[in-house]
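Using the hints provided, position chains A and R with the ligands relative to the given structure of chain V.
Chains V, A and R, in that order, are what the protein sequence lines are. The first sequence begins at 1 in full-length UniProt numbering and counts up by one. The second sequence begins at 1 in full-length UniProt numbering and counts up by one. The third sequence begins at 1 in full-length UniProt numbering and counts up by one.
Lysine to aspartate or glutamate pairs mimicking DMTMM-like chemistry, simulated, CA-CA at most 20 Å apart:
#, chain 1, residue 1, chain 2, residue 2
1, R, K17, A, D182
2, R, K75, R, E57
3, R, K17, R, E63
4, R, K387, R, E433
5, R, K75, V, D220
6, R, K387, R, E211
Incomplete in silico selection of chain A near chain R, CB under 8 Å:
#, residue
7, G177
8, T178
9, G179
10, D182
11, R183
Between beta-carbon pairs, the in silico distance windows are:
#, chain 1, residue 1, chain 2, residue 2, range
12, V, L239, R, K75, 47 to 53 Å
13, V, P224, R, A171, 41 to 47 Å
14, V, A75, A, F137, 18 to 24 Å
15, R, R382, A, A108, 53 to 59 Å
16, V, L162, R, R328, 25 to 31 Å
17, V, G182, R, A250, 36 to 42 Å
18, A, A108, R, A174, 56 to 62 Å
19, R, G307, V, R65, 20 to 26 Å
20, A, L33, V, P224, 43 to 49 Å
21, R, K75, V, P54, 53 to 59 Å
22, A, F137, V, A254, 20 to 26 Å
Hints in this document: simulated from the structure, not taken from any laboratory. For clarity, every value in this text was computed on a predicted model and none was experimentally measured. No residue lacks a Cβ here, since even glycine has one placed at the ideal position from N, Cα and C.
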Amino acid sequence: MIVIEPVAAPGAPLARRNPVAKLAAALVFSVALIATLDPVAPAIAIAIELGVLPLFGVRYRVLARRAWPLLAGAAGIVVTLVLFAADRSGRVLVEAGPVTVTSGVLLTALGLVLRMLAVALPGVIVFATTDPTDLADALIQNAKAPARFAIGALAAFRLVPLLGQEWQMISMARRARGVDAGRNPLARLRLFVSTAFALLVGAIRRGTRLAVAMDARGFDAGTPRTVARRQRFTTADGLLIAGAAALAGGALAASILLGTFRPLLG
Amino acid sequence: MDNTANRWRTIDIVIASVLGVAFGVIFWAWGLLWNGPADAIPLPGRAVLYGVWLVPAVLGALIIRKPGAAFFTLTFAALVSVALGSSWGWTLVVQGPLEAAAAELAFAVFGYRTYRLPVALLAATLAGLAASLYDVFIWYPGTAWGSFRLPYILITAVSSLVVAGLGSVALTRALAGTGVLDRFPAGRERPAV
Amino acid sequence: MSAVQLRGFGWRHAGRKAWAVRGVDLRVEAGERVLLLGPSGAGKSTLLSALAGLLPEDSGEQEGTVEIDGLDPRKARERVGIVFQDPETQLVMARCGDDVAFGLENRGVPADEIWPRVDEALHRVGFPYHRDRPTAALSGGEQQRLALAGALALRPTLLLLDEPTANLDPAGAALVRRAVADAVDADTTLILVEHRVAEALPLVDRVVVLEPGGGVRADGPPAAVFAAHGDALAAEGVWVPGRIVAPRHATAPAGEPLITADRLGLPPRLAPTDLSVRAGEALAVLGPNGAGKSTLALLLGGLLRPGTGTASATAALAGRDAGTPPHRWRAPALAGRIGSVFQDPEHQFVTGTVFDELALGPRRTGRSEAAVRATVEALLERLRLAKLAGANPYTLSGGEARRLSVATALATAPRLLICDEPTFGQDRRTWRELVDLFAELRDAGHGVVTVTHDPDFVAALADRTVILERRA
Ligand SMILES: Nc1ncnc2c1ncn2[C@@H]1O[C@H](COP(=O)(O)OP(=O)(O)OP(=O)(O)O)[C@@H](O)[C@H]1O
Ligand SMILES: Nc1ncnc2c1ncn2[C@@H]1O[C@H](COP(=O)(O)OP(=O)(O)OP(=O)(O)O)[C@@H](O)[C@H]1O
Ligand SMILES: [Mg+2]
Ligand SMILES: [Mg+2]
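So here's chain V without its partners, still in its complex pose (with noise of 0.2 Å):
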């Protein structure tokens, strides 16, 4: 169900790159696609993210299992446009009651779809080929990040498969009790909430016992923290930034020259 480790081949050129910088690469080329709304610079921007995947060691199979929630929220946005678009201009396609489909829309509706995934994919990338412990590690080393919280996220995070296994044994602790809901939907609406709650309130307990374990092993004594496991920001590691910036700097300039390009505010 939830996957956390990373599922790349770690030795691959750019997933052994430094977290930070995977991040800061990720951002910079995501956050510059944001201001268009067109669709030819996000198309740019995917064609050049599935020709890097290889040199993050990741496989498409992988890619496409992880991204799948993504068309889900792209149909939402297309459904969005074409109920409500300002913007009705271009040669009507479809006419049903009060809804008018024009090419004008689809246009709109297929840039805002390429630049969604355009934008979500070096997420998904950079999440796959990330180990949490490397990326806490480089965000307190490399990023200046404050350690107590990232080390306090950090060991948060690890609950997460627990959890999964936390649900399923308070659902056996209230059968083994006589709760049950049979088939009363409102029934197993309320359990459902009660054992979600459970589960809540579970964690803050695991949340509450794991800070005293911290501090017993001296966790925010006050003495300035060593570093056991080193992560190093080198050269290469800033030309993946550059190159991030420069590969989505090409994508709008293509754009432009192509005379496609719609500025987002404007």
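Chains A and R with the ligands only, in chain V's frame:
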């Protein structure tokens, strides 16, 4: 902000993170619902459910009661949902902190001293406004103001007020009743046994 | 080396009227090895937390003073290493090596010294895996060893261990004890809490017994303490070595079968297993950590869907439902027929007070409120939880939580009772009462299945044993 009352203890950091993790998972599941079965209610009507996205900001602040709690909790929740593969993907990394900062603003205005219902409602509403403005400009450009944008912003703000504002206050009370908040100000007033 | 000084020490947890521990005057010299004893709920775990500086001011009220080498324990955390009762909650990082390194980083140990010290600590506890192994992939016993390594790597001068072998199979427990014996050198003061005195004695040279009401009951070299107070201590619940408990074997032959497992399994947790439980017999399930005993208990209890084979109940247990497998029964029917006690008591709690916890099952099976109240009160009395009726189940001591979880399963008077490690972490008195309780149920024609690592319990109660093997 350097007095000890405002310094985060380890337990503050860990519990804020745990809330972030729990809501990150909820967001991930909620996203599937939002773009799945809930598609039956087209936008902007679907924004009735929007408040759920903003709960951690208000809840985090009400429980932790430290500067930055709203910001940290919601930002981390957004990051976790991105790591799990949310349908909004990577842009939540931008949108999450934006909404979180809006909620944080409400608590900051009151000097991080009151955490009562009106402040919670204000924080929730501000977060809802920030979120819907971002959506309207970034995700739904080209939509009409009258039939889409204004209703969307309004419905989101109200949903946020009810779900994230009232909801967080109620949830904090319920959590305090179970005793897990005993080490936080929110959980102090219970009879001894 | 660290010395410990307590003067009139007491602690009351927030939200409780009673003191968890009170009036303790105690001095432990540097280099001493102390076994801390006392009945369940006497405040042993609380005392260890106080020594480790882990009772935050905002979580209760303190009386008297605690000093480690003359310092407030909250300032002396550098010198103290602690391993808690529950290892699962004290692992912080995702990889084993990182987890041991965590404490060293916090202490500001230079980076190039960290990994050698991590490897040394892992080696000292006999940790079998590489340090890259995910902590999520460890069994309970392995987690316990890792937690010990995490504490030892800090080279504490005061080492505090709270029931470090409670959930381990005998081989694993021996390993951990050996690791402790090897790890504790002349420079380390050791304070150990362990109910099973006989196994712990080789590790210690002094015994301190806490009095539940407050104060120290007895103090001195083990032989002297047990010679002087042996009988009184045993009556109060301390496991005095060399006192065997009279066994309670079945007085009548077993009756009709209640449930039969036919190649019942759940790969990869449990290999297919054949088994049958009869009315009026006590069956013990043994096996090493990770063999699948708990999984078997959940399958028999109708809580998990089998992966292979079937569990089928007879008409004697299930009446008209005998045709359907237990995991398909409605929950109220299940709770009235099969009672389950989980390995981790906290996994079992679903309400906010001890009283509600006990009342839940009977209410769901449709008893009248008066009958529910009578059942609950009888159980509270019998398992000495009456004073805690209004307490939150999650704030109980280890032993109290265990008693409550057994009581919840008994509350619906099920014909078949399945208990996962019912006796771990129990003082002698509770242990004795549990044996009696199970024996009475068995003699009244109930079937009793217990999953256990406790050889004394098997000797005292079991009529038959089943041993699960660990698959390669
Ligand atoms: N967090 C808590 N909040 C409230 N009460 C608590 C808490 N922890 C322990 N207590 C209570 O304090 C008393 C002493 O508990 P403690 O855990 O120290 O006992 P113990 O001697 O370790 O017992 P056991 O052998 O059963 O583990 C118990 O009555 C328990 O219910
Ligand atoms: N929820 C789960 N999901 C996946 N694997 C599990 C789960 N619970 C247990 N396991 C694995 O299944 C195997 C059997 O576990 P189980 O808890 O049944 O063993 P056990 O015999 O009860 O051990 P112990 O004596 O330590 O309690 C172990 O290897 C364990 O890691
Ligand atoms: Mg204890
Ligand atoms: Mg088990």
